Structure formats: structure tokens, C-alpha cells
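Asks: Residue strings, one per chain:
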Amino acid sequence: MKPLENIPSLAYFTPEILLVIFAAAVIILDLLVKNRESQKVAYLALIGLGSALVAIIVTNSISASSEPVPLFWGMIQLDGFAVFFKILLLLATAATILFSLRSEELDAKLKGEYYALLLAVTFGMFLMASSTNLLMIFIALETVSLTSYILAGFLTHSPRSSEAAFKYITYGAVASGTMLFGLSLLFGMTGTGDLSEISDQLVILLAPEQETPLVTPLALLISITFILAGIGYKIASVPFHMWSPDVYEGAPIPITAFLSVASKAAGFALLLRFFYTGFADTKIMHSIDLGLLLAIVSALTMTIGNLAALPQQNVKRLLAYSSIAHGGYLLMGAVLLTSGNAAIVERGVGAIIFYLIVYFFMNLGAFYVVVLIANEAGTEMIDGYRGLSSRAPLVAGAMAIFLFSLTGIPILAGFFGKWILFTAVLEGKLYWLAFVGLINSVISLYYYARIVKVMYFEAAEDTDKLSFSKGTFALLSVFVVPTIFIGLLNIFYSLSGNIRLQ
Amino acid sequence: MLLSLIIFVPLLGMIVVLLLPRDSEELIKRVTLAFTLIPLALAVYLFIAYDRSDAGTQHAVSVPWIETFHINYHVGIDGLSVTLMLLTALLGPICVLASWRNIEKGIKAYMALFLLLETGMLGFFAALDLFLFFVFFELTLLPMYFLIGVWGGPRREYAAIKFFLYTLFGSVLMLVALIAVYLNSSIIPEERTFDIPTLISLAGETEHALADPTFQIWVFLGFFIGFAVKVPIFPFHTWLPDAHVEAPTAISVILAGVLLKMGTYGLVRINMAMFPEGMAFFTEVTEETGLWGYSLALLGFVNIVYGSFCALAQTDFKKLVAYSSIGHMGFVILGLAARNTMGVNGAILQMFNHGVISAMLFLLVGVLYDRAHHREINGFGGLGNRMPIYMGITTLAFMASLGLPGLSGFWGEALSLFGAFQEFEILAILSTIGIVVGAAYFLWTLQRVFLGKLNPKYEELPEINKREILTLVPLGILTIVLGVWPNFALDMFRESVAELTKLMGTFQAGL
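Sequence order for the protein chains is A and B. With numbering that gives the first Met the number 0 as the guide, the letters of the first sequence map in order to residues 0 to 501. With numbering that gives the first Met the number 0 as the guide, the letters of the second sequence map in order to residues 0 to 510.
Calculated directly from the structure, the hints in this document are not laboratory data. None of the values given here were measured: they were computed from a predicted structure. Some clues are possibly wrong.
[What the hints assert, rightly or not] Calculated pairs, DSSO-like style, for lysine-lysine (alpha carbon to alpha carbon, straight line, at most 27 Å):
#1 B:104 / B:452
#2 B:107 / A:469
#3 A:282 / A:166
#4 B:501 / B:465
#5 B:107 / B:465
#6 B:161 / A:464
#7 B:107 / A:464
#8 A:39 / A:469
Generate the whole structure from the sequences, applying the supplied hints.
Replies: See the structure below:
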């Protein structure tokens, strides 16, 4: 399909436009309402998300052909893949707003900007999921980064939060600088910013009949490695993961939850599309040894994440390391993009998508429990969870389900996510990587079970029952029920198998 | 349909128990008992109605489950699985009765977890889809972890996590092997399968990827380690004494009675039937395999001798029984390593008998512990005067366990040894040391606990009560019946074993 011009593109761009409009509306409403009624602002933001969701569905159905629609002269693309990620990201934002409503650590005065920023970051992530041009990729990434810095430092009275934001900016600046350099190398080699044109150019430039090759696989590998720095920073992969524990610990809990799920999902969307479209000829991917590099990064990411999580005493920090480890598992799927076999590439993409669905529910659920306990018991430390099974049996039960699902224990969804991922990796014949991943799953049991142990096997010092509202349980069950049932129903497998990159 | 009913009635029971109010403890116990009696009744019916002359799968049901990955809900029984399902279903109500008085806190959660555990065990023995089989195998992990960790003894946290970590380590290796089998079941992705009977017949075809000897050896090892942790086979056994000592009585009973059998059942169902080449590599001494051919038999031997000597050294009653379990499971391994009709029949019989006898032993230890609140063998003495009925039942269990002819323990061990003797003479002969040592520690324990002068502290110790006797009587009857009439059980799986040995090419007529 020919790329649409600017004006006709706008029709397909309504979800993003709505997000921007509502971000502005949230700020205006914030000026009008009194402090006590700051929830109204949050509800407006939720309405904004809801209308964006409707718009996504509508725009998707008017473009009903299975053909992807390139917009704005090919800067971004609307396809099933983008739609899936947009819905996932949108739901993650909605969950974050609901968490924030119940969170007591956020300053009520600042809530207007807070929700506006959340909508803005969602807008940036939408672009990340649909960019098909190097320039657009960079802009999308920066939009997300800049807004995330502010959100991470949102607890102005907390030095930890400010430190988190500062670290985030410093690492982020280095990573995006490096990435920009990599992008310019790639642009220099191919003379175009459009991913599918890059792919076509590479086929010509790397063709064996070229007598003096203009582009060598090594030059390409260097450029991609630099680009990976920027993406690796977003998905917190080794060695660009150092910011994440500090940021996760310092940032407000809802933002931590948001970063660990949405930011990671958007990063993977970008990564997948970049490789899939930019290097559509799988032989090229195979020729530049990228697979080994990615596999090593993946193995290190999960191992370091898991080992560092073992001694943690702060649940938020523990979950930060755990989410680094999960980034490592997901990267295993990305390694398959370099396998040089179209069927296995499809398998890898499908596995990542399924895992992200599962991860969305179990990780956000776990963070929601952290929000609840921080509110009611006033602590984020593991010791504070002592005897939770008698103080708040339902919440403790939900937490146990999330944690065991994160470990990957059948019959919880996390197991099925890992199972699909490992099947794909074994099918790609990366035996050592699968082995590392499985040993990591065993290691991870130790620290997840430590929280369960404290909740169930130890008696509470403070035996007061914690009380929660009905709404809390309703929201909690939104995460618990899928965490139990996703893996048991065939529909989610066929769904994730049907989402194809094009 | 009937089979699915047995598997899921306990799960239904769990939901019912969870809906009951927390305070109505009596009601919760009765409901749980009812929901364990239904599977028992059904299992007894299945056992009786089972067509003993037919080696194939009976009562099979296959419904598509996760079509994208060709996973079916496929269950069915043969003689081996129906026997073990009967054992599981029998121990269910017994364990509920054994938990009647001595679970003090959270009875609702305890019973709910117990019912979940029962579903996992029953489903495991019936599963005929490799993926389903794995899921049921793992389904027992979480309830067990909580049952030990919440209701266990002083070092329960350590024991629970150790059990969990060991088993999970084994299962991830099994998971790799399972995926490898799936991926190799067909070159065409659409035709891959997890169906156990299909996989078994594919592995028998020459030239098929599954039949490749090197492949078979590797996947054999993957599954083997997964099951070996569960059995437990030396050196993966160290979680067992800890778990047994800390677990409450009923959970020890389930652990020794059923969970250990899941390991050996897996070895028979998967390793022997699906990977006969891999099995041959570790059990047949030829030019090619060299010393590897001794490995499985050697592991069985080590289990027997090591377990028995460790048991001899224990002063904690429960730890003694735990180590004796390791020793007795060694006979199962030895019998399976023999691979011949006699050995395999013996091994399976031993699985059932050990399930019954070790359940009795753990129940008896529990009875004593509930009264004296300790398990130090040397701390008793002369209890025979105070508790003659208890002593009588204990003696029966001890004699059955040490392999006295006329009681059930004898037949399993004898057949396993006869089978092993045909293949590994020296190891079989040396393994009899285990029987001698077994007699030594049981008789010595009998002497220290029941004979001699009564410790004045225990003059008021009450005799075993009716509820406790009720839990022991069915098991006691089984040990006697199987002691004089082993064909009662052997008839059930003889045809299935014949089929199995034909797959491995080691079938012997007779027996």
C-alpha cells in the first residue's frame, strides 16, 4: 500500500490525537477543580484513555484489510502489531491511573500534571509501537524518556525520588546519544531512514556480487550495537540496566509498575519492528552474528537480574531486579529474529507477544499489592509482609499467585508464557540459552518464595486485620483471574499467534 | 468420563471447602472426607471393573485443549495406573482422618490444599498427554510446599523451600526434554504431538527422529533427573528426610505413599516405554555402553544400601522411616533396571506395597508423636505394656516393611531381586545387605520403643484410639492380603507390563 499523505493520515491517527487533546484537557480541568476533588482529573484522564481505545478499534476496523497502512509518508505504520501494543500500553496506563488513585504517597496538589504526563508518555509509546522510520523511532523514544524522567522524580519531597530521576536522565542521555550515533551510521550506509527501504538497500549493498563491498557486515553490526544501546536502555537489558533498580525503588510505586510493564513492552515493540522490517531479508540478520550478541545479552540480563534480586529486602527493588530478569527471558524471543528462518522468527514474535500479555497481568498485579501494602501497612520492606496471610488473606493469596506465576509454576499463566518462549528457543536450536533460562527460573523461585514464606510461614508482629475497599478487590481480581486462566484457554494462543509483523 | 470424575471431584471439593465459613471446622472436615470418599468409591469400581486380560488403555477420553500446540486433555488407565490411582484414592480419606485432631490452625486452607493435591496426583496417574502429565506433576508442588511450610514442624520453612527447589530443578530439565520430544515428534509443525501412546509408537519406528539413540539418551536423562528427584534417587535425595521430619503426619503419608511413586511411575510410563534405547544404554552392559550399562542398577543398589545404613543410624523415629523409604524405593529402581518381566512386575508391586506400608509407618509415628510430643526412639521403652494394640499394629507394619514372607513387602522385593539377579548378579546379591540391615533397624527400634522397662514418664500414655485404628486397618488388611495373594495386584498390571517389556524387547513368558 502506498504511504498516505499527511491529511488523509489524520483519520487513522485519531487515538493519538485524542490522547494529546485529553492531556491538555486534564491540565485545564486541574486548574478549575479544587484540591480535594483531584480524582476528577484522574477520571477525565481515564475517559481520555477510554475514548482512545474506542478510536483504536474504530480505526482498525476501517482499515479492515490485513494490509498495513503507512501514515505520514511512511513515518509510522498502522497494523495489527501496532494495534495490539497500543491496546496493551493503554491498559497499562489505565491500570497505573487506577493505582495512583489509591496511592497515598502521591502529592494531591500535583496530580493534574501527573495524569497529563501519563497521557503524554502513552502517546510517545504509541509512536514507539508504530514507527517505521529511524527519525521517528528516535523522536518517539525521546518523548517517552523525557516524560518518564519527570514521572520518576515526581515525589518532590523524597530525595530518593529525585536521585532516581537524576540517574534516569544521566543514563538515558548517554544511551540515546549512543543510539543516535548508531542510527546515523545506518542512515549513512543506506541513505534512507525508512526501515523497509533500508532492508532493500542492504540486500543490494551486501550482495555477494559486489566486488568492493560498500557496506560490510562488521560495520552493520557496530551500527546495530549502538542502536541496541538505546533500546536496551528502555527494556533495561544488561549492561544498560543499572538505572532501573534505583529508579524503580525511588519512583512512586504506580510509576514503577508502569515503567516495568509499559516501558518494557514499548521497547520490545520497537525492537521487534526495527529488526523485522529493517532487516527483512533474514539472511542478512544471520550473516552479521547479531544472534550471538543478543543471546549473550539475554543470558546476562536474566542471570544478573535474578542473582541481584536474591539479597533484596525492599519488595519494590526486588521486583525491579525481577523485571530485569524477565526482560532477559523476553530477549530470548528476540534472538530468534536472527535465526535466518522465517517460521522460527514468527514463533519468536508470537512467544514475545504472549509473554507480554501474561507479564502485563502478573507484574502489574504484584505491583498493585505493593501499592496496597504500602498504603495500609506503610512499608515496602519484605519484613513488613510478615504474617500477611492472616492480616489480609485475600491480598496475600493474590500476591502468592502473582509471585508463583512470575516464577513460572504450572498452572499459572507465567508457566505457559515461559513454556512457549522456551519451545521457540529450542526450536531455534539455542540449547544453551534455553538451559540458562531454565536454571534462572529455578533461581528466581528462591526470592519469590521468600516473600511467600514471610507472608504465610511467619507470624505477624502486628496482628491487626488490614481492611480494603470492595473496589480494591475488584481491581485485584482483574489481575488475578487472568493470571490463573490465560494459559488454560486456547484463545490467547491463537490470538498471539495471529498478531503478525508486516 | 468416570476417570475425569475421579480426577476433578477433589477439585470441586476444594471449591466447596473454600466457600464454607471459616469457623465451622467440623463441617469442613466432614465435607473434605466426603469428597475424598467419592474418588475412593469410584477408584474401587474402576479397579474391579478393569479388564485384566486387556493390555491397552481403558476408559480413555481425549478432548482438544490447547489446539495451537496440539495439546489434548487425554486421560486413560492401564493396569499400572489404575493400581496407583487406587492407592492414591485410598490414602485420601485416611489422611483426612489422620488430620482430624492434630491440625490446629487454618483447617479450611489445609483441607482445600489437600484436595488440590489429590487432584494433581490422580490426574498425573491418568494423564496420557505428555503436557497434561507434566502439568499434573507440577500441580502437586504448590500445595505440598504450603502444607509443609505452614503446618510443619520447627524447621518447616527450610524443608519446604528445599523440597520446592529440588523438585523444580528436576522439572525444568524434564521440561526441556518434553519440548525436545514434542519438536522431534514430526518435521511438519502441524503434525507435532504430545500424545503419549502416539509418541511411544513413533519412538518404535526405525528412522524416526525420536528413535535416534543419541537423542533418546539425552531426553532419557532429562526425564530421569526430573523423576529421580521425586523418587528420590541418590544423590538427589537430601530433601526427603527434611521434608518428612517437618511435614505433618498426613502429609508425610501422602509424600511417602504417593508422591515418591510419581517418580517411579514416570520412569515406567515415559522413560521405559518412550525411550527404550535410552533405557537400554543405562541398563544393558554391551561393548557400546560399557560401564554406563550398570548405572541404573548401581543407583538402585546405592539407594538400598545407603538408605538402610542411614536408617540404622537414626534416633528420630520419623527420620528412620524416611531413610527406610529411600532404601525400599531402591528396590523399585533395581527391579526397573533389570528391565525383564520379573523385575518390572516386582518393581511395580513394590511401588504399591511401599505405598501401603510406608503410609502405615508414618501414621504410626504420628500416633506416638501426638501422645508423647517427641520422636526420640531412645526416649521410650516398655511401651508394649501401655499400648498393646499399638504395638501389635506397629509390629505388623515393621514385619511387612522388612520383607517377612507372608506379608506384602516380601513379594515386591523378592521379585525385584529375582529380576535383577538375571541381569546383574553381583549387584543383586549385594543389595540383599539392605534387607538384612532393614531387619536390624526395625527389630532394634521395636526393642527400644516397646520392650524393656516402661519409662515412668509414659505411664499415663493413652492407647491408640478408634479413629487412628480406623486409618490403619485398611492398610493392615492390604499388607496381609497381598502377602498371601500377590496376584491380587499382579493380575492387574501383568498384561501392561508384558506390553512394556515387548517394547523393550525383554519380554519373558511365564510369571
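Asks: Against the earlier hints, flag every one the structure doesn't satisfy and list their numbers going up.
Replies: Numbers 1, 3, 4 and 6 - these are the hints that the structure violates, sorted from lowest upward.
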